[in-house]
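Number of protein chains: 2
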Amino acid sequence: MSAEERSAARGSRRAGHGRETQRAERRAVILEAAMQLIAERGYRRTSLAAVAERAGLTQQGLLHHFPTKELLLIGVLEARDRWDAAAAASGSWRTGTLAQLVEYNAARPGIVQAYTVLSADSVTEEHPARDFFEARFRAVREALAAALRAEFGDALPGGLTPERAAPLLVAVMDGLQLQWLLDPEEVDMPASFRDFLTLLGTGAAGEAEPGPGAGEGDREE
Amino acid sequence: MSAEERSAARGSRRAGHGRETQRAERRAVILEAAMQLIAERGYRRTSLAAVAERAGLTQQGLLHHFPTKELLLIGVLEARDRWDAAAAASGSWRTGTLAQLVEYNAARPGIVQAYTVLSADSVTEEHPARDFFEARFRAVREALAAALRAEFGDALPGGLTPERAAPLLVAVMDGLQLQWLLDPEEVDMPASFRDFLTLLGTGAAGEAEPGPGAGEGDREE
DNA sequence: GTCTATAGATTGATAGAC
DNA sequence: GTCTATCAATCTATAGAC
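Going down the list, the sequences are from chains A and B.
Under the UniProt record's numbering, the first residue of the first sequence is numbered 1, with each subsequent residue one higher.
Under the UniProt record's numbering, the first residue of the second sequence is numbered 1, with each subsequent residue one higher.
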């Protein structure tokens, strides 16, 4: 009975799926639970027991998949980068894509919160994610500068070089996220980001004020 | 003997200084230690015992001045706002003042780190500093917008209204701090901020490119 | 007002049965 | 691969002597 219950709880083994797949699914469930909790409470206040409970196993079962809390954190960060692949991995960035990404983030406060809390937490001494974020920010700035250079050449319409615009773009995105998380009613993150693109001169300045009565484009539903 | 030792350890009571002053000095020492440690390790990883040790008293002595860890945190935040009064309290903001503030911050990574870690930490659930930062960001945006309006009227040279520029200014400052803390060699925070002021059209655009060979002004020594 | 002592809870991690 | 049981450390906070 208990064996059947456990088997059922894990989901019936589908044909053609080997143990590798099951293992990966289990890890994915754990990582999802960990990301949710880190977003809710921060990394340090998130206990392994709480993650395990939400993932539907015991703390010790969790430690079988991620031997330490630090390795679990790194797993979460890598998963977020995978999820975020459109922004971090491919070199095919354009400013329009960035505006879409901000739009996308504005609908997912949990993930944004996990990222905001973790990235700021990582500046503390000997934080396990410090190297990760340092490398990530550098890579993002470089990829962004390269993409801007490919699109606009040596200078953006606003006058900045791509290399000087890149850290500002990243800063605006992160800074707006913080204000928006604290006060979503007051801060219109996508609109503010479009304002910044307009300043840079890379934004679709025409689209910034689409005019009233247009029946297409911005509809949500 | 022990009474004399204790009296000596606290510093001899100077004439004209009452108990109130001693108490305030004691509190200031504790707050300084707490801010240092929060900057180094974050709020949650900072134990009361560690703060007490650095402040030169026991954990229980500390709890006499700040009955809970949360009240200590609030004390630190209020002290930072007092220290930061030039930026947060007075309504006499101008963009030149902001550039100076960024410059000033660039020389004080400890305080910037405490602020960055705490503000991001505060977005987590039921964080004791959440209300503080929500109110603070709102007040800063409003004061900034009012100052910009007084200086430039309904629209900045770059085209934005003061109310739309304000959250971007705050975002750039916070976002640059994060990147700079992680990688001070790579990120020139004051220069990037001046780039942003140039975009806004409020910056001293002439100073932005002083030209090579100038013997004055930007020297670091 | 500061101390010693300790309560009371939670944490990350290990050992070993099944 | 997941479980039960448990450890050792650490934390915030309280009680009471001096």
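One or more of the hints may lead you astray.
Unchecked claim - Computed footprint of chain A on chain B; a stretch qualifies when at least three of its residues, placed anywhere within it, have a C-beta under 8 Å from a C-beta of chain A:
#1 55-61
#2 67-73
#3 104-118
#4 127-139
#5 154-165
#6 168-177
Said to hold, decoys possible - Here are some of the chain A residues that sit facing chain B, going by a computed Cβ distance under 10 Å:
#7 ARG82
#8 GLU186
#9 PRO190
Since the hints were made in silico from the structure, they are not lab data.
Ideal Cβ positions, reconstructed from N, Cα and C, are used throughout, including at glycine.
Hints and how they fare:
Only when three residues or more bring their CB closer than 8 Å to a CB of chain A does the claim for the segment 55-61 of chain B stand; here the count is 0, and the claim is violated. Requiring three or more residues with a Cβ within less than 8 Å of a Cβ of chain A, the coverage given for the segment 67-73 of chain B is violated, as only 0 such residues are present. Here the segment 104-118 of chain B counts 3 residues with a CB under 8 Å from a CB of chain A, which clears the bar of 3, and the coverage holds. A stretch counts as covered by a chain when three or more of its residues have a beta carbon under 8 Å from one of that chain; for the segment 127-139 of chain B and chain A the count is 5, and the coverage holds.
With 5 residues having a beta carbon nearer than 8 Å to a beta carbon of chain A, the segment 154-165 of chain B meets the requirement of three or more and the stated coverage holds. Interface restraint, the segment 168-177 of chain B with chain A: holds (8 residues with C-beta to C-beta distance below 8 Å; minimum three). For ARG82(A), the shortest C-beta to C-beta distance to chain B is roughly 22 Å, which exceeds 10 Å, and the interface hint is violated. Taking 10 Å as the C-beta contact cut-off toward chain B, the hint placing GLU186(A) at the interface holds, the least distance being around 6 Å.
Annotation: PRO190(A) was flagged as interfacial toward chain B, and the flag is violated, the nearest CB pair being 12 Å apart, outside 10 Å.
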